[in-house]
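Trainee: Spelled out, the chains give:
There are 2 protein chains.
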Amino acid sequence: MSTRNCERRKKRNAPETGLVQKSATIQDVARQAGVSTATVSRALSNPELLTEATRESVFAAIRSTGYRVNRAARNLRTRQAGAVLVLVPNLGNPFFSQILAGISEAIGERDYSVLVVDTNDHTSTGKLLVDYFLDSQIDGMICLDGSVSSHELQQFEENGVSGQIVFACEWVHGSDLPSVRSDNNRGARLAVRHLYELGHRKIAHVTGPEDNVLTHTRREGMLAERERLDLPFREEWIIRGDFSLKSGRDAVEKILAMDERPTAVFCASDQVAFGLISTLAANGIRVPEDISVIGFDDIELSEYYVPGLTTIRQDRRALGVQAAALLLEGMDPAGAVAGLRRSPVMLDVELVVRASAAALGR
Amino acid sequence: MSTRNCERRKKRNAPETGLVQKSATIQDVARQAGVSTATVSRALSNPELLTEATRESVFAAIRSTGYRVNRAARNLRTRQAGAVLVLVPNLGNPFFSQILAGISEAIGERDYSVLVVDTNDHTSTGKLLVDYFLDSQIDGMICLDGSVSSHELQQFEENGVSGQIVFACEWVHGSDLPSVRSDNNRGARLAVRHLYELGHRKIAHVTGPEDNVLTHTRREGMLAERERLDLPFREEWIIRGDFSLKSGRDAVEKILAMDERPTAVFCASDQVAFGLISTLAANGIRVPEDISVIGFDDIELSEYYVPGLTTIRQDRRALGVQAAALLLEGMDPAGAVAGLRRSPVMLDVELVVRASAAALGR
DNA sequence: TCTCTTTATGTAATCGATTACATTCATAAT
DNA sequence: ATTATGAATGTAATCGATTACATAAAGAGA
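Line by line, the protein sequences give chains L and C.
Last residue of the first sequence: 362 (our numbering), numbering continuous.
Last residue of the second sequence: 362 (our numbering), numbering continuous.
Any given hint could be a false lead.
Copies of the same chain look alike in the list, so a pair counts if it works inside one copy or between any two.
[Said to hold, decoys possible] The calculated SDA-like cross-link candidates involving lysine to any residue, where the alpha carbons are at most 25 Å apart (straight line), are:
(1) K127 - V69
(2) K127 - Q137
(3) K127 - N46
(4) K246 - V352
(5) K254 - P307
(6) K254 - R201
(7) K127 - L153
(8) K246 - R354
(9) K246 - G284
(10) K127 - A60
Simulated from the structure, these hints should not be mistaken for laboratory data.
None of the values given here were measured: they were computed from a predicted structure.
Construct the entire structure; sequences and hints are all you get.
Mentor: Okay, here's the thing in structure tokens:
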């Protein structure tokens, strides 16, 4: 029938015929509607400026041509990127993906794309974070990783993009960049208090990595509550970890070797708790009968662990949503008002009681 | 000192002075180096075309101006987007994030951005997948979700973008789009055989959701192996699930109500297995003493579950890396050769023996 | 020495939108 | 009737790169 079908193997759109053709431009629409390109552009961005009649005819033309705005052209002209980057410490960790979901939801609504970069991948690239801005690849950034070097932070300032950055979950100590975080200190206190109320006095703590703000905040909360309750303290009860399953496992060895074995362990993350519990089990020590364990995060699996994990719940999705909102605020108008910069948004946490922490000496 | 610092709050770059200024363009570099913009462009894309001398001077100018190519301008001119989209069924599921990591790694090397979209977010947008292509937002797509409607697939074909799509992990039954997958059938057979060798004959199976290809492939593998080994079969031993923790929990109820209770359960995912085991435990049924359980996926946590989960390992990162490679191939030259389209890349799986499946009746 | 290649570089059109400014026209105010 | 005002639309410059084509220079071959 039609041998001239394959003139170009370019994109098609969906006009009346199924003919292969380049996709329609704003020019095509303008021609079709008998108006100028300016009018078409207005129909899209400021429809209220147009007469109902012209508006209609433009939209009709848009429909009939199957027109779609060319992002690259728009971005070039408006000097935007239409994308936001999320920097994740570890994509493989279920904890972060939930935050990501919240971000996607809130950001996607505003027609921004979400770029995702894993810190590990990133550092191996040798690319600086600020380069994403300088390469006009992104308009803003949400950082779930507090271990950003001060050098990088300085770059942000120097290039005037620090207003388009929001930290979520983690943050950088001493920096005044906006952030959304859970009340980690309170979480730690809740954990300790709960163990105390169950009768525990000898409480150990497996921390996160030493260079992490969460590690410090949670440890401080724990120490404060411990002091308030006048609990005994031994240096060896503070065990260094790194939030990972493996560090939970490694903690067991140390616990087994202790002169004065704790009756309860507060872990800096649920993952640590899992690593700990499973390894205790492998050593014939039962949770919670022999030792109580409490985690932090309340990832979905905690409810389905054996035993169910008593833990501190963070609203991960809310962290993401709020961070996105904050970022949009910072990006949108000239509204980079310093107002929000100084005070981090603090989200409440909650003790979730399950089976892994029980009354002492039953 | 200098009050004229705030003339424009635009981007800076890093020239000798710290003055705020618009970032340098290719024009600036050309001027600085005393060449044309064409030459600068060549220095970047085809350096071998230039004299060593000019090349040097261009790079010097690039350095001194702090020039960076403007992505939007390049994209507009070259009709590319510089980005790839990954469609994930559920970002909150640790299973997928690992694949994502693999993709990021492989795609990022080629200087593409990785957009991530959760299927849920996506469908709620009312946007079609093909729209990402039509809006020139992406050059290619990796789909981890096999539940793409045939309507969407048709749109891909019609718009000539099906060569830039790769399925990973899941795929669409009957479609010939390229894909990378684990050998799910073999995985299921391995699982059943393992249980058989442990002495189990009454083996139940908790499936995935009915509309999922993995569900079918794994079920078929299981049925085939079951037949080969001449195992008894009861309809009720096939329990419908959906890969989630919750569906594992729900399965327990059904198992408890069975006339002929199975001695082992093969779960379609590790998550299901966790849901199952924890709920069995809550009902006083011990794993593996009273009932053996085997999962599928080998997510990181499986090793740290109590008991350690015997399961089928998929190399998730490899799935991602290979999918990315396949996609790059399809996007790169005019090399959309049909050669690869027909045969899915099949990755081997492996039985990982831990504690959740044990010899019958000890 | 003169023409023919070959190689290095420049000129300028182009990608497709946005938007400052100009123009037109209808309506209100004088 | 005349001018001012405002609303609707058009004109054309612009964003910053890429690249087809044109040109210049250098060397090869006669």
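Trainee: Which hint numbers does the structure go against, in order from smallest to largest?
Mentor: Per hint list: zero violations.
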